[in-house]
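Enquirer: Below, each chain spelled out in residue letters.
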Amino acid sequence: MRRPLLALIALTLVAAACGDDAATTTTTVATTTTTVAATTTTTTVAETTTSAPTTTTTVAAFPVTVLGATVETEPQAIVSLSATHTEILYAVGAGDRVVATDLFSDFPAAAADTEKIDSFSLNVEAVADLDPDLVLLAFDPGDAVDGFAALGIPAVLFPAPTDLDAAFEQWLQVGALTGTTATAEGLVEAVRAEIADIQADLPRPDQAPTYYHELDPTLFTVTSETFVGAVYAAAGMENVADPADESGFGYPQLSAEFLLETDPDYVFLADSLCCDVTPASFAERPALGALTAVEEGRVIPLDDSVASRWGPRLVDFLRTVVVAVYPTAFGE
Amino acid sequence: MTTGGGVRRVPVVAVVATTGALVAAAAAGILIGPASLDPGPVLLEVLDRLPLVSVDSGLTTREAAIVWELRVPRVALGLLVGAVLAAAGGAYQGVFRNPLADPYLLGVAAGAGFGATIAIVSAGSTAALVPIAAFAGALGAVALTYALGGVGGGGRTGATLLLAGVAVAAFFTAAQTFLQQQNADTVRQVFAWILGRLSTAGWSEVRLLLPYAVLSIAVVLLHRRLLDVLAVGEEEAESLGVRASRVRLVVVLAATIGTAAAVAVSGLIGFVGIVVPHTIRLLWGSSYRVIIPISALAGAAFLVLADLVARTVLSPAEIPIGVVTAFVGGPFFAVVLRRSSRGWAL
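Residue numbers (our numbering), protein chains in the order written: chain R, 1 to 332; chain G, 1001 to 1346.
For reference, chain R alone in the conformation it holds in the complex (with noise of 0.2 Å):
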C-alpha cells in the first residue's frame, strides 16, 4: 500500500507548510557557526580612518560563509525560496536585488510581483536559469541545496528556529550574507527593543494563561519548542500541546479529546486563511463547542501568515495575542 508514504509526505508537508517551511530537514544542517564576525568591522572603518587603508565599506564584507555557503562577492540576483527570508531580505534593504521568489512571499506588495517558483516541486535548473548569485531555502524538497551547490550557486538552507534568538540570528546571517549587515542588526535591536515594551507593560498573573495554536483543522499544533511557542512564551502564555509531543518533533497533531481534557484559555486559529476556519466554525466541530475558550468567546483568528513566518513581523504576531489576551492592559 502508498500509505505510509503518504504519511510521511504529508507530515513533512504539514510541519513544512505550517512553520512556513520545513521544520522536518534538521537534518542537513551540520553547524549554526557562521562568520558574521568578518563583517562587523565594516560600520567602524568610517570612525577611523588614520587606521589601515583594509576596504571601504562594503566590499570587506566578503567572502561570507553561512551554513555551509560561501558568497564571494556581494550578491546582486538573490532567489528566495522562503516567504519568511523574502521578508527578511526586504527588511534590511535587500530586496531590490530579489529577482524571484516562491509561491507563498506574499510580502511585502514588492515581493508578490518578482518572478514565482514553485518550492516544494523545486526545479534546480529553472532557477539556475535566472543566474542568480545566491538562493535562500528553509525547506529543501529533495537534493536542491547540492544541485545547486553542484552548479557553483551558493545556496544557504535555513532551519525553522526553536527561539527567538534563532530567528534573530537569522536576520543577521540575511544581513551578513547581503552586506547589509548594519541594517539587519538596526533591525534586531530595534524589534528586540518593541518586545521588551510590550513585556514591560504584560500583567504577570498567578496562573499564566494557557494556549491552543490551531495550524488546520486535523488539530496539528505546535509545542513551546518551536518559533511559534517562543512568541507565546513572550506573551507569558503557556502551551498545552507539550505534553503531546513526546519526539520533540515540535509539531504533534492533537486529538479532540486531548484538547477537551486540557481546556485551554485561549484558542488561537492560525489556518483562518488557509482553509478558511472561523471562531464559529470551530464552535460548530464535533465537541469543541464546550471547550472553555468557546464558551467565553476566547477564540481568536490569526493571519496565518504573520503566524508562521520569523522574519520582522513576529513583533505584529506577538501584538495580535497580547492585545487579545489582556485587552485593558494592550486595547486602544
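One or more hints might be untrue.
[Unchecked claim] Selected chain R positions facing chain G (in silico; Cβ < 7 Å):
1) Phe120
2) Ser121
3) Thr218
4) Glu257
5) Leu260
6) Asp276
In case anyone wonders, no lab produced these hints; they're calculated from the structure.
Each residue gets a CB set at the ideal place from its N, CA and C atoms; glycine is no exception.
With chain R's structure known, arrange chain G on it following the hints.
Expert: Okay, now just chain G, sitting in the frame of chain R:
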C-alpha cells in the same frame, strides 16, 4: 431470490465470536481515550442518550461531550466503515475470483481523491461539498472503468475490468497530482483528507454514510448465493443459468457505492477489505454465504479496534488508522494463513 436456506449454514461459532468481538471492541472504544473518565459514568452517559432512558451520569458538560460527540460517533463510524469495506472486499474477491481484489480495485480511491481535490481546491476543505465530490469522483471512476472494460468488444470479463481499473486509477491519480501541484497552497488539506478523517469525525459523517452502508451491505448479502455460483467459473455459471455479467454489475455497483461513501467520509483506509474476508475464508470456509455476513461483522470489530490502537498507543498523539490496519492486520493474517490447514482455495 431465496436466501433463507443459506443462513443456517453460517457456523454459530463464527457469529458468536465476531459479534462478541464487535461488542467488546465498541465498549473499549467508548470507555478508553486520552481523557481519563471512569467507566461507570461513561456507560451511564451513553445509556442516558438512548431513547426513553434518563439517568444522571454525573459527567460535566465537557466530559459528556467527549463521550457523546467524540467517542460514540467515532466508534459508530469505524464500525460502519469496517463493515462496508470488509463486505465490499469479499464481494470484489468473489466477483473477480481474484484473491488480491480489494474495494479500491476499480479506481474508487483515485476517483474519490480526484473529486475531493477538486472540491478542496475550489471551495476549501471545510466545504460540505467535499464528501459529495469525493463520492461522485469515486462513482465516476468506476463507471469509466466499466465503460473502458467493455471497449475491447470481447465482453467485460473479470480480467479486462481489472486492467481497466488499473488504467483509470493511474489516470485519476495523475490528474489529482497535477491539480495539487497547480494549487500548492491547498496541498496540506488534500493530504489531510487522503490520510483519513476518523479522528475528526462526528455524527454528521455517520449520518452521511449510514444509508449507503446499509444499502451496499444489504445488496451484497442478497447476492451471496450467486457469488458462490460465480466462484465455479464464468462459463459454468452461465450454464447454470446465472448471468455472470449481470450479477457482477449489480454486486460491483453495490460494493462501490458503499466503498465510495466510506472513503468520502473517512479517507483511504487500506487492508481491511483484503485481510478480513481472507481471514474469515481461512477460518470458516470459502462459501460466500459465510464470508459476506461474517466479514461485515469482523470488519466492523477490526476497524473499531484498529482505531482504538491508533489513538491510544502514542496517546495523546494519534497514528493514521491505515498504518494500524496494515501493521496489525499483516502479521495477524500471516498467522492465520500458516495455521490454516485448508490451504489456499478460492
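Enquirer: If a hint holds in the structure, say so; if it doesn't, say that too.
Expert: Each hint, compared with the structure:
no.: 1; hint: Phe120; in the structure: 6 Å, holds
no.: 2; hint: Ser121; in the structure: 6 Å, holds
no.: 3; hint: Thr218; in the structure: 5 Å, holds
no.: 4; hint: Glu257; in the structure: 5 Å, holds
no.: 5; hint: Leu260; in the structure: 5 Å, holds
no.: 6; hint: Asp276; in the structure: 5 Å, holds
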